[in-house]
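Undergrad: Residues per chain are reported as follows:
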Amino acid sequence: MKTDTPFTDWQENELAKSISRFPERREKFTTHGGAEVQRLAVPEEIDNKYLTELGFPGKYPYTRGVQPTMYRGRLWTMRQYAGFSTAAESNKRYRYLLDQGTTGLSVAFDLPTQIGYDSDDAISSGEVGKVGVAIDTMADMETLFSEIPLDKISTSMTINSPAIVLLAMYVAVAEKQGVSADKLRGTIQNDVLKEYIARGTYIFPPRPSLRLITNIFQWCSSNTPSFNTISISGYHIREAGSTAAQEVAFTLANGMTYVQTALDAGLELDVFARRLAFFFNAHNNLLEEVAKFRAARRMWAKIMQDHFGATNPASKMLRFHTQTAGASLTAQQVNNNIVRVTIQALAAVLGGTQSLHTNSRDEALSLPTEESVRIALRTQQIIAHESGVADTIDPFAGSYYIEELTNRIEAEAEDLIAKIEDKGGVVACIEDGFIQRQIENAAYEYQKDIESKDRIIVGVNEFMIEEDQKPELLRVKPEVEEAQVANLRRVKQERNNELVAKRLSELRQCAGTDQNLMEPILAAVRSYASLGEICKELRSVFGEYRD
Amino acid sequence: MEKINRPYRVLVGKPGLDGHDRGAKFIARALRDEGFEVIYTGIRRTPDEIAAAAIQEDVAAIGLSSLSGAHLKLFPEVVKALERRGVTDIPVIGGGVIPEDDIPTLIAAGLTEIFTPGTPADTIINAFAEACRKHFAAQGDNH
Chain H
1 MKTDTPFTDW QENELAKSIS RFPERREKFT THGGAEVQRL AVPEEIDNKY
51 LTELGFPGKY PYTRGVQPTM YRGRLWTMRQ YAGFSTAAES NKRYRYLLDQ
101 GTTGLSVAFD LPTQIGYDSD DAISSGEVGK VGVAIDTMAD METLFSEIPL
151 DKISTSMTIN SPAIVLLAMY VAVAEKQGVS ADKLRGTIQN DVLKEYIARG
201 TYIFPPRPSL RLITNIFQWC SSNTPSFNTI SISGYHIREA GSTAAQEVAF
251 TLANGMTYVQ TALDAGLELD VFARRLAFFF NAHNNLLEEV AKFRAARRMW
301 AKIMQDHFGA TNPASKMLRF HTQTAGASLT AQQVNNNIVR VTIQALAAVL
351 GGTQSLHTNS RDEALSLPTE ESVRIALRTQ QIIAHESGVA DTIDPFAGSY
401 YIEELTNRIE AEAEDLIAKI EDKGGVVACI EDGFIQRQIE NAAYEYQKDI
451 ESKDRIIVGV NEFMIEEDQK PELLRVKPEV EEAQVANLRR VKQERNNELV
501 AKRLSELRQC AGTDQNLMEP ILAAVRSYAS LGEICKELRS VFGEYRD
Chain R
1 MEKINRPYRV LVGKPGLDGH DRGAKFIARA LRDEGFEVIY TGIRRTPDEI
51 AAAAIQEDVA AIGLSSLSGA HLKLFPEVVK ALERRGVTDI PVIGGGVIPE
101 DDIPTLIAAG LTEIFTPGTP ADTIINAFAE ACRKHFAAQG DNH
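Chains as they are written, first to last, in our numbering: chain H, 1 to 547; chain R, 1 to 143.
Incorrect hints may have been included.
[Said to hold, decoys possible] Facing chain H, from chain R, some residues (calculated, C-beta under 8 Å):
hint	residue
1	D21
2	R22
3	K25
4	E37
5	I39
6	Y40
7	G42
8	R44
9	S68
10	A81
11	V97
12	P99
13	I103
14	P104
15	A108
16	E113
[Claimed, not checked] Now the stretches of chain H that chain R is said to cover, found in silico as 3 or more residues with beta-carbon under 8 Å:
hint	region
17	199-207
18	443-450
[Unchecked claim] In silico negatives: residues of chain H with every beta carbon more than 10 Å from chain R:
hint	residue
19	P23
20	S125
21	E127
22	K183
23	G309
24	Q332
If you are wondering where the hints come from, they were derived from the structure by calculation, not from laboratory data. In this text, a Cβ means the ideal position worked out from N, Cα and C, and glycines have one as well.
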């Protein structure tokens, strides 16, 4: 056996240290025949090229993963995005998911909440409780997490433009449960740049939005050390039709913008950078997706080290959540979607994701039913416990094809990032539509290929059948809107309205200065000021963004 | 589809708050490629804004896209907003994530046609052309 090689060095240091702190799931992983599964396959000769391009798991440049033992230590978090109708209904779904073995919550908010409007606003009409849960005041948040101890679970919240308000509500609910902020674990999406690019739930113009994000970074680094303050998202960029390389490029360029903004505000790199998380899409092309995740990890490590000068290893690790590609699901022959989701989920796991949401088969038709959600979760559990892919680390490494593809995606994404920098950075490229145009063109070409059958989508343009049996669908009843509006009226009646007015006017004053807005917003939500009221104050100071 | 003499002018609108505009943008561009003049409203427009824009731009047909589940409320509101302005001859087509069962309700509310995911672009383009012809026939214009 070779000694004193970089491999034994890694085994004796990083790996041994990791295993002594967090033992692997089993003492021995075996195949069906009883043979031991190799933890990490490496080339016979470990040369410099291997060390600079791939390295070992948990070690720069993290191409092979961010932890030394990866899923042998702990499986990825199975985190199903859910939420609909009222807080009470969503609370029931969360408790069902926790009973079924899900290990993290992921809150979907309805569109009015995501855009900072109350349920009784005229513009909210028809949208209340549709794509997620409606949250107007802290009272709704209390119901949402009723009987769910916030120090025991991690919660991801898909909220962007008004993220600071929902985070404040979460912290305030924890307080009421007797859980201090430093015990909270979870993630807020808080990635507003991709809202202008692809997702559309923007409120304020880019600059004040970036200020709110920086305020969150700052407040959280001293108050919620275990909370991920942003989830820099390529998911929606890909859903809007980008290519894999564009997804990586635009996401990392956005990430660089957040880092630079925080540095400009005087924050310390190695303090906030370790709380940055990422969120990617897993599409159908299994091999390309695996390469994409590996390329993204390596690129971010290099960017953080070489461009920003990060020294803390944690600052250089790209940790990410993955969701399977919603846009790839078909309304035709919905059960075929189970297979698509399986392939996509496998790509995410082989690519080293930290957490995963698997879409349900019926999401091209409506919100998923409970049965569909269970199948989606079972898909992850089968990959985790039956497929064997979680028992060894980065098994595709060293494949000529995968490594070549990883390099190619990296090179293409680097070119795009350089182009964005030449054009004055992400904000300038959003304002002049450069990024949006790139995505639109890619989306158009993709759809043209489907129309011309250059690209086969099973059940859509080939292998079609007549379907007369309609799948059961989950519907959000129209009464939900009335109930939510009535709920909000009651809270507004019962709260101390004088105090609310005072807190709102204090907030408006602070917004006009360069003070951190987290504390004034916390004070406002504790008084049961509504999300719409708080955002109205901020709108009056910051203005609104129009596409 | 058959050749058209002068370009048909249509409006593609996104009522409601959802930002899923991949489909709307694709249809807008596919219609342009076929020689239509297309006004795309952008996302997050109210039914009133869409009706007003359609009238102001003098379009022959409207296409609406929604993926948030708010179609039962928002699509009929566009038809009503047109009617409030005295306009009944601009056909309104809908598309998006719309359950089969909702289609009869939407047709009864005045929508001409509803397209669900996976519909070939040609089918949708032909529906727009047909809607435009209907519009001009209603106006008695030999277009």
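Undergrad: Identify every previously stated hint that the structure contradicts and give their numbers, smallest first.
TA: 4, 5, 6, 10, 13, 14, 15, 16, 20, 21 and 24
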